[in-house]
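**Student:** Listed here are the chains, written in short residue letters.
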Amino acid sequence: MANDAKLSILLIDDNDERAHAFKSALQKSRYDVVHLSSPTSGLLREVDALQPDIIVIDIESPSRDVLDSLHTISNFAPKPVVMFSDEEDTEIINQSVRSGVTAYIVGDTDPKRVRSILDAAVARFDEFQKLRKELDDTKQALEARKIIDQAKRMFMEQRGLDEQQAYAAMRKMAMDAGQKLEDMARTLITILKNLESGVPK
Amino acid sequence: MTDNYQTKPIVNLGFVPLTDSAPLIVAKEWGFFDDCGLDVRLQAQHSWSTLRDKLHAGVLDAAQMLAPMPIASSLGLSGPKTAVIAPMVLSLNGNAITLSNDLYDEILRTNDVAALTLPMASYLLREVVEQRKTKNRPKLRFASVFPYSCHHYQLLEWLQSAKLSTDDIDIIVIPPANMVDSLHCGDIDGYCVGGPWNAKAVRAGFGVTVLTSYDIWRDSAEKVLGVLSNYYDNNTDVVARLCRALKSACEWLEYTPNRFEAARALSSYDYLDAPIDVIAPSLIGSCLVKENLSPRHLPGYNQFFCPYKDINMPTYACGEWLLKQMVSAGQVTQKVADNFSVNDVFRADVYRQIFERKSL
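Keeping their order, the protein sequence lines are chains A and B. Anchor point for the first sequence: position 14 equals 14 in the working numbering, and the numbering is continuous, going up by one each time. Numbering-wise, the working numbering comes out as the position in the second sequence, counting from 1, plus 201.
Simulated from the structure, these hints should not be mistaken for laboratory data. Hints are supplied without guarantee of correctness; some may be wrong.
Sample of chain A residues facing chain B (criterion: CB under 7 Å; computed from the structure) [as the list claims (entries may be wrong)]:
no., residue
1, 44
2, 48
3, 59
4, 66
5, 68
6, 69
7, 120
8, 124
9, 127
Backbone N, C-alpha and C fix where the C-beta goes; we use that ideal spot for every residue, glycine too.
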């Protein structure tokens, strides 16, 4: 990682001994650890209050489903999640977990290993988020394009304008209103549709 | 004998301990797996996410899954895209919505009624939501067990029937085992979960079970058997035996006195580790409602088998119905759903092959 900014970790583990070892392994590193033992329902609230950069959790913890849902149904921003596992199957599971979001740690808390896993998890998560944002942006741009085209076509038909005239008129309206072209196009579609249906032929 | 024992294929079968895990536990305890020549090792899991990851990784050979999960896996919504098939339906119904005592009282007060007629109509909840809005009181918060679960969709549908959505009520995910505590301490106002966690809240005097999934979606698939598609290809015979053993267990569970026996087995430390008085009621068709009120009689509360209709077949209609719920919940787009072949996941063909061959 290029920068050395402090990163906060929320550690969820019922095993106090292991949690302690984990904390020790990260002493004098860029990671600050907050330990939470057996959280029940307040977990989402804790995540919201602490806004950790990374969450570390035991793979066998029931709270895994709460964290998994962060990506799907709640308003919480996704976080990289790293998991503890005592099982020997760890390596196999590692290969199959959603790449870029989670990584499993083995049971041992060797300081060097812990740090490098965390560094890798943060880096991969950032990369993943970047890709996802790019994808979202592309989708949105395509969507905006479609809306603008639709508005333009309707405008052309109803006002008998050619393509360039329609486009220029829409741009002017957007600029005058201090709006994005896409938003102006949406408004225009609504208005033109209402006019179309409201005026008896 | 020794030889025979050694040649039995080992199957690691994952499950989340719940009342409707009964077919798996019965098949193990009453020897149905043994009879089918399998050495099945039941592996209790604490979360659906970990069960899914272990199945995807092949650490588990098969698992009892929430019915929408194989579709979510195959679509890549839940972990990396992994082809999971459901060769058999294991149970219908079994979930219920339980409200906190405080919310129950608020519903009575707001609607000015002395008692609720059950199953509760959701418009009564709407009054509460509206009043809270005008009084600037916090939004209600409900919980389900997993985003890709019937619980989640049933809760959404019940709310929708009163024109309520997640804009009006927050829905979060909480593991089943933490539901009762969360309700009691006021973190949530209600939840949709499977047994024994509804009966448990009622017995503890913490909540009121106002309706069941049977009232929302009469007789819909709740849990299915899930295996990786390539596990099935390489172990077709093992999967067939697994399904036969499980179906025998489902059939065995159709007889009510057997359900008492099953409840006893389920309550043990190895499985649900819960008192029999919260496990048995739903298994014998009784829905505990509220402290000091008589339970509702609901014969289909937990259904595993039906003598006059094959409910264990994973039909196309069933898969399509679940996919439709995923679209309504905003988890997949209509376009993705249209391009998805449910037949590749809900494998009625596999089921037919297994059970028709047997009857020949």
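**Student:** Using 7 Å as the Cβ threshold, decide whether residue 124/A counts as touching chain B.
**Tutor:** violated, 14 Å
**Student:** Hint residue 59/A vs chain B: min CB-CB distance below 7 Å?
**Tutor:** With Cβ-Cβ at 6 Å, under 7 Å, it holds.
**Student:** Against chain B, is residue 44/A within 7 Å by beta-carbon distance?
**Tutor:** holds, 6 Å
**Student:** Residue 66/A was flagged as interface toward chain B. Is the shortest Cβ-Cβ separation under 7 Å?
**Tutor:** Holds, about 5 Å.
**Student:** Have a go at the residue 127/A hint: is there a Cβ in chain B nearer than 7 Å to its own Cβ?
**Tutor:** Hint on residue 127/A: violated, closest Cβ of chain B at ~16 Å, above 7 Å.
**Student:** Does residue 48/A hold up as a contact with chain B if the rule is Cβ-Cβ below 7 Å?
**Tutor:** Nearest chain B Cβ about 11 Å off; hint violated.
**Student:** Should the interface hint for residue 68/A be scored as holding, given a Cβ-Cβ cut-off of 7 Å against chain B?
**Tutor:** Holds, about 4 Å.
**Student:** Please verify that hint: residue 120/A, Cβ, nearest Cβ of chain B, below 7 Å or not.
**Tutor:** Status violated, d = 18 Å.
**Student:** Is the interface hint satisfied for residue 69/A? The criterion is a beta-carbon contact with chain B at less than 7 Å.
**Tutor:** Cβ of residue 69/A sits 4 Å from chain B, so the hint holds.
When each numbered hint is compared with the structure, violations occur for hints 2, 7, 8 and 9.
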